[in-house]
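Chains as they are written, first to last, in the numbering used here: chain A, 1 to 448; chain B, 449 to 834.
Honestly, I wouldn't trust all of these hints.
[Unchecked claim] Think about it this way: if two alpha-carbon atoms lie no more than 27 Å apart in a straight line, the pair counts; the simulated DSS-like pairs of lysine-lysine are: (1) A/K139 with A/K205; (2) B/K606 with A/K419; (3) B/K639 with B/K657; (4) B/K473 with B/K450; (5) B/K450 with A/K419; (6) B/K679 with B/K657.
[Unchecked claim] Residues from chain A shown here face chain B by an in silico Cβ test under 8 Å; the list is partial: (7) G26; (8) T387; (9) Q404; (10) R406; (11) V439.
Hints are computed from structural coordinates only; laboratory data are not their basis. Here a beta-carbon is modelled for each residue, glycine too, at the ideal position from N, C-alpha and C.
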Amino acid sequence: MRRVDLAIVGAGPAGVAAAVTAARRGLRVALIDEAPTPGGQVLTNPGTSRPHDARGQAIERGQTLLAELGRLPVELYRETIAWALEGTCLALSGPESPSEIEAAALIIATGGREYVPPFPGWTLPGVMTLGGAQRLIDKHGVLPGRSILIAGAGPLMWALAASVLENDGEVLAILDASRPADWARALPLIGTLQDRLRLAWRYFKVMRGSRTPYLFARGVLQARGDGYLEAVLAGERTYTADSLCVGFGFRPNIELLQLAGCGFVFERWLGGWIPAIDEHMRTDQPAIYAAGECSGVGGAAKALLEGELAALAAGTGLGVRLEAHDEDRLEWLKRRRQREIRFARVLNHACRPPRAYTDDLVDETILCRCESVRYGQVEQALQHGATSLDGLKNELRVGQGMCQGRTCGPVLQQVLAQKAGQTREQILPFHVRPPVKPVELGKLQEAG
Amino acid sequence: MKHQDVIIIGGGLIGACCADVLTGKGLETTLIERRFPASGSSRACDGLILLWDKNPGPEMALGQASVGLWENLVPQLDGDVEFRQSGTVLVAEDEGSLERSRQIVADIAAQGITATLLERRELQEIEPALAVDLAGGAIFPQDYQIDPRRATFSILRKAQRQGLQLLNGEEVIELRRHPGRSGGWEAATQKHVYAADYIVCAAGVWTTKLLHMLAIELPIRPRKGQILVIKAPRDLIRHPLLEGGYGDAVHAGTDDLQVALVAEMTPAGTMLVGSSRQFAGFDTDVSRDVLQALARRATRFIPELARAQWIRSYAGLRPWSPDHLPLIGPVAGFEGLYVATGHEGAGICLAPVTGELIGEWIAEEISPSLADAISPGRFRDYHPEP
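This is chain A alone, in the form it adopts within the complex (with noise of 0.2 Å):
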């Protein structure tokens, strides 16, 4: 069995940070990630970004580090998925990557994902994520559509829209869900946060040199088409539209940290649940620690200062002796975190999806799309009595599918939470079994 000091989760900000800080302090490290390059959404597909705004400075840190990592003595498996754990081992499947690694310490950084609120017609070819969206034009150089519709709340939203704008494709809209005054709680931490003022900026400049329509709208939305979109109602409005791209901020994935048994702690602002973590984001097991996106939604910036955070005090763990200098560095990246959790709350409180879209679901939406579970019939299960996903998952097969509940599993939460009169905390997400994400059978079988 291949035994390294310090196995990583995720090549995003946070797993580089974390690879780079600790194979500098001399550690043997195995970085894991499931993309052919390192990372993650945010350094592999940088966009149009400019340097001195918030964006740009947490990729251009990332993409330094980037850099860094190609030259430090890091294992890196790519197009590797770790499907399971047993205290800090891992179990691997990928194409170069052994079948298990033996960590001294675990650092979990497996990033988050999209959430969207289930809507009339939402799984209609021709709707996608903001972040989806983000990736073609970045990625592969594609613009999502001939008419693009963009809907949701918070800064990727105008991020799409600068990057639709600047690649000359055209911006029907932007219906922005969140409420003037929700952005108003954030006047007093963005005094801190200039950088982030510097972004909006740029953003607010593009959209309106363009003279794109920008419209605050609480309404659900509903896509309408044969077959492939071709209308999107929103409110009195119609828009004819091929391409809508939606999103309302992030949701944390979890899945592994379940399954090595961390304790949670329910965070509506940071996501929901996520791994109870002390301030050097050291989780209730002995040598996992978690960073980024999976222990609380606060973007690339906080995930860059969690992973170098994470790897010092699991480096310290492990026995490193830390200079004068880091113990600095270490007080620095506490207090920065602070700063940055505080920006999240706001951001993510923003960026919540109205409250409409959980009140007015109608039956024929699809909530489940892996196992084709609609709306009515989760109101049925919920009448014979369903109180908990678990629950929910045995009565109508939701979280059954490929996806293994990623896409359903928050937005039942939020159904439950407000339907069967509970509160959010009392619903646990779904139970982890291995594998955590989908592994061919033939891997499991050579494992061990």
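Following the hints, position chain B against chain A.
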């Protein structure tokens, strides 16, 4: 709440079938389930209803009666419980195993069940995805498949229409004789105290824990099984497949881990791959070594599966009984107290007959003909080997 005729403890398929029969006979019945329907072993099993693996005698008699009851029950249910007569195919790895299959076919045909031996070439024609070096097998066209969870929910809904009071999320923490009424019982949960003339403990492997409260010992042990869920082409296998050694693994008296291939397709497009048998207490975690052993058996018989996507796994607990017969009936010395458990891996097959038997005892007050063979009291002098 007013005094009930019967309280059933346990909302698995066995409890649901008891509830259906009792309410159907007009008894006021309450079912108490500590989590939600089918949240124990009924959701962590496969959906095969087999007759060929039953031993001649009471086991086969129960099996045949139950299959008949399933055939009557399913058309009365709402929703699709995916009940279908897909038949099963027994697969012999080598000549020795084929010889064993020949024996099984002869024994089973003597019981009046259709069974046909398959030569190597015939097996390949019926199941082209099987490895080419297999010796042959047998086909049992009368066997059924069902979705046990859907069946549990559907049968409970039927019972509710007949007046069942279903209580989810309440756990019985105390069982005691009714202080006021002779022969009556009280079941206390965290929330309420419920009273009835009869108690039916249908809590599967957890029945032993319930009866500990009354200092009653039953020799039921949790026999753990683990299952792989695989995304496979819908027509990869055309019948549920079981390997030749399956019956021996079921009946093995040893504590060692037993692994024998069982593979079935579900209409949802997934293949369930088992089976393992081990005694591991009440633990329902999956373990890598067992999952790997299952994967090896699966790809040994169906090589193409090596490239299929493994998407989930789960583990469940079979209520094992020492003589491989269930424990159904009254508990001697505790008037009004009944148990319905100990079906090991045959609970899905035997659920309807279990409900029927409980109904005969409680509603009709007659003692069924098989009463002695399945009596919970038959183990009074049973002492497990240390």
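Against the structure, the hints:
1. A/K139 with A/K205: holds (24 Å)
2. B/K606 with A/K419: holds (25 Å)
3. B/K639 with B/K657: Roughly 20 Å separates the two Cα atoms, so the pair holds.
4. B/K473 with B/K450: Roughly 19 Å between the alpha carbons, so the hint for B/K473 and B/K450 holds.
5. B/K450 with A/K419: Since the Cα atoms of B/K450 and A/K419 sit roughly 30 Å apart, the hinted pair is violated (cutoff 27 Å).
6. B/K679 with B/K657: violated (37 Å)
7. G26: violated (32 Å)
8. T387: Holds - the Cβ of A/T387 comes within 8 Å of chain B, reaching about 6 Å at its closest.
9. Q404: holds (7 Å)
10. R406: Violated - the Cβ of A/R406 stays beyond 8 Å from chain B, reaching only about 12 Å at its closest.
11. V439: holds (5 Å)
The structure fails hints 5, 6, 7 and 10 (numbered hints given earlier, in ascending order).
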